[in-house]
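Protein chains: 2
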Amino acid sequence: MQTEIINIGDELLIGQVINTNASWMSEQLNLAGFPVHRVTIIPDDPQHILDALKESGRRSELVLLTGGLGPTKDDLTKDVLCKYFRTKLIFDPVTFQTIEKFFKTRGFPVTAVNRRQAEIPENCVAIPNANGTAPGMWFEEETAGAEKKHVFVSMPGVPFEMKAMLIHEVIPRLKQYFQPVIVLHHTLLTQGLGESFLSDILEDWEANLPANLHLAYLPQPGIVRLRLTGQSDDEASLQKQMDIEASKLKSLLQDYIFGEGDATLEAVVGKLLKETGSTLATAESCTGGYIAHMITSIPGSSAYYKGSIIAYSNDIKMKELGVSEKALGEYGAVSEEVVKQMANNVRSRLDCDYSIAVSGIAGPDGGTKDKPVGLVWIAIAGPSGIQTNKYLFGDNRERNIRRAALQALNLLRKKILGQL
Amino acid sequence: MQTEIINIGDELLIGQVINTNASWMSEQLNLAGFPVHRVTIIPDDPQHILDALKESGRRSELVLLTGGLGPTKDDLTKDVLCKYFRTKLIFDPVTFQTIEKFFKTRGFPVTAVNRRQAEIPENCVAIPNANGTAPGMWFEEETAGAEKKHVFVSMPGVPFEMKAMLIHEVIPRLKQYFQPVIVLHHTLLTQGLGESFLSDILEDWEANLPANLHLAYLPQPGIVRLRLTGQSDDEASLQKQMDIEASKLKSLLQDYIFGEGDATLEAVVGKLLKETGSTLATAESCTGGYIAHMITSIPGSSAYYKGSIIAYSNDIKMKELGVSEKALGEYGAVSEEVVKQMANNVRSRLDCDYSIAVSGIAGPDGGTKDKPVGLVWIAIAGPSGIQTNKYLFGDNRERNIRRAALQALNLLRKKILGQL
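Here the protein sequences come in this chain order: E and X. 1 is the number of the first residue of the first sequence in the numbering used here; add one for each residue after it. 1001 is the number of the first residue of the second sequence in the numbering used here; add one for each residue after it.
Hints listed in this document are in silico derivations from the structure and should not be mistaken for laboratory results. It should be emphasised that the depicted structure is a prediction, and the values quoted were computed from it without experimental measurement. Glycine included, every Cβ here is placed at the ideal spot set by N, Cα and C. One or more hints might be untrue.
[To be verified] Listed next, the in silico DMTMM-like pairs over lysine to aspartate or glutamate satisfying Cα-Cα at most 20 angstroms (straight line):
hint: 1; chain 1: E; residue 1: Lys175; chain 2: E; residue 2: Asp353
hint: 2; chain 1: X; residue 1: Lys1271; chain 2: E; residue 2: Glu398
hint: 3; chain 1: X; residue 1: Lys1390; chain 2: X; residue 2: Asp1351
hint: 4; chain 1: E; residue 1: Lys319; chain 2: X; residue 2: Asp1353
hint: 5; chain 1: E; residue 1: Lys274; chain 2: X; residue 2: Asp1315
hint: 6; chain 1: E; residue 1: Lys319; chain 2: X; residue 2: Asp1351
hint: 7; chain 1: X; residue 1: Lys1054; chain 2: E; residue 2: Asp51
hint: 8; chain 1: E; residue 1: Lys271; chain 2: X; residue 2: Glu1398
hint: 9; chain 1: E; residue 1: Lys340; chain 2: E; residue 2: Asp351
hint: 10; chain 1: E; residue 1: Lys274; chain 2: X; residue 2: Asp1365
hint: 11; chain 1: E; residue 1: Lys319; chain 2: X; residue 2: Asp1315
hint: 12; chain 1: E; residue 1: Lys340; chain 2: E; residue 2: Asp315
hint: 13; chain 1: E; residue 1: Lys271; chain 2: X; residue 2: Asp1353
[Stated by the list, open to error] Pulled from the structure, derived: some chain X residues nowhere near chain E, Cβ distances all over 12 angstroms:
hint: 14; residue: Gln1028
hint: 15; residue: Pro1035
hint: 16; residue: Pro1043
hint: 17; residue: Ala1052
hint: 18; residue: Phe1091
hint: 19; residue: Ile1127
hint: 20; residue: Glu1142
hint: 21; residue: Glu1169
hint: 22; residue: Phe1258
hint: 23; residue: Tyr1304
hint: 24; residue: Ser1324
hint: 25; residue: Arg1349
hint: 26; residue: Ser1384
The shape of chain E in the complex, shown without the other chains (with noise of 0.2 angstroms):
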């Protein structure tokens, strides 16, 4: 079975937008069991998208276009399906019912513009968009031969439209429809180490995995994600097998893997202060605030994140963090005795239960041969001590401040957990 997808939008053409809803598409369609022979990005012109339906009916069961479907003059993905499949638009009341109340929940009154948002192609089922206007809408079409008819789904190109429309409506259908083979995943988030180190320790666990599972490595800067799949005509014993792999998976990872599925570091560790009631201060020099930025993304962090000292240069470690001028002199800003006391008088002057303190050098500049670039101290004091940990980490700043700071989160991670 051929699956594709065609993006319809000029944006798409010129630059202006990436096209991150091939890339989503295709990993979610994928990992339902639909796996993606060709995507095709094409522009809002009818003999352009008329020309992409009818190459991808010859060539595939299932198409999957996005975009085109709003109310202005430029949306034309409707008009040309009428074409493609020799029908007309149909005024279709349960659409337009949904279209009213999403109109009427916002205080809007629906404009004539809006109204035409619930004609759709008299062959179609309209499928509802949960967060806009423009319905999704589901064509079949009988093909000579074939055991089931092809399929053809329109779907608007807003992503949160989109993917709330794929995932919810959309993926559901298509299982019903062409019963694929079913696929679990389970993903497990690693900090710590790299891909080749990791795939070492896994070497003989892989090679004894059974033939319907394996593991893909996604690497990120400073995260490997390892996910897990499987394939299997019966659902439960595919569970079986998948948690029992997982289960190995961690005790042979326990070092490394800080949480699951879409888990963040930062979303992990603040869970876990707010559950221990705990709170956290940080001190900073070469991630330069970006540990702070990452805990205060997360929503309602202000329940356990107090503040934090970024002491970029030596004078401020001196003066707001109390680093003595001995240690600086003695060991130099990016040591063990300074990242130290960097941690132990966040804690006690910002009155916190932990804290982390960071000294290195991101680069380019900055490197000499005992200290080079990369170089990176971290410390992590708690009410059961202190530990510290020195890393060395690459030659380039964005990645080294992105490493350290994730670095960091899994020791306090690790400290809170007792595990440190």
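Could you slot chain X onto chain E? The hints should help.
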């Protein structure tokens, strides 16, 4: 003339990698006078690649391919190009010299696999790759009745290799071969006004623009880029037209323009601080370290940035920033009086020339009728005194943090320039 892009790679079809190449290439090609009419993503599969070549060759005068040029068995593009053009691979000594040099610089020997990178289809011209071992390839194909031959260009998929090759090698050759109309661009960066407010100010000016010039609004959260584009056959007179209109634009929007081209506000402010030999401190509440992070993302920022006190809780505002209990009690943390004290006190405590202070309600919770989510007070202090401003942004936490930080940096820029 029709132009299209074909991106080859399984990783683009499973959601692992977002196809940023396509939007970047579209933008560059569009800016160079080659608007893109179609983008196609296909898997590392010889039949899919061959089909896509045939289809695009029928449709378009110019086809740019990326991907599948590496030395491994997944990399099939060269073989399929040979099949399409009915030719064979030959060893190219010039390309091999480049590859040898590439490895020699890095202290590695050239393996047999790498030697294969110097094999190219007999009918193409090799395009040098400044950042890698896989050469680009330029193909011309006879087309019945066409004035020019069709052109196919194959490039590596690795973004930094492809980008340098497209800009420095491919676009100059395309311009010479196709001689498209001359297109010039001038991008001005604005902060502080939304798209619709900018277009109100520019309405008359836009209505009177020469017919060969037009303005594009490219909004990002907190920033709108304005790109003036002109087309002509005569570069000198076009440049003159562009200069005249760009200077009109600058005088109409002088309060909002902070830079040109690819500049960022944090780099512009950093440069001003460096040039004037000034130092900066920040005191952040709702932005939670994001301003400090932006400033310290610039290499060499330690020359002018001393640090920040992030006072997320009121007791830190009092203890570390010397904000009076009276001001907090009478006016609340989000008030003119409190940001004034924050800015003045952080400036004197950290002994800097300039300071920024921000306090607001980032949301999504914590708003009241008098102080809704999105309310932000900003103070800028410097040798010439202190200014405060009040803003009401939206209801999205992430965007509120970003908009407040950008606004604060732009106020600082004006302050240093004596425009505040």
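Which constraints among the numbered hints does this structure fail? Numbers only, ascending. As far as the earlier hints go, 1, 3, 13, 14, 15, 16, 17, 23, 25 are violated by this structure, in ascending order.
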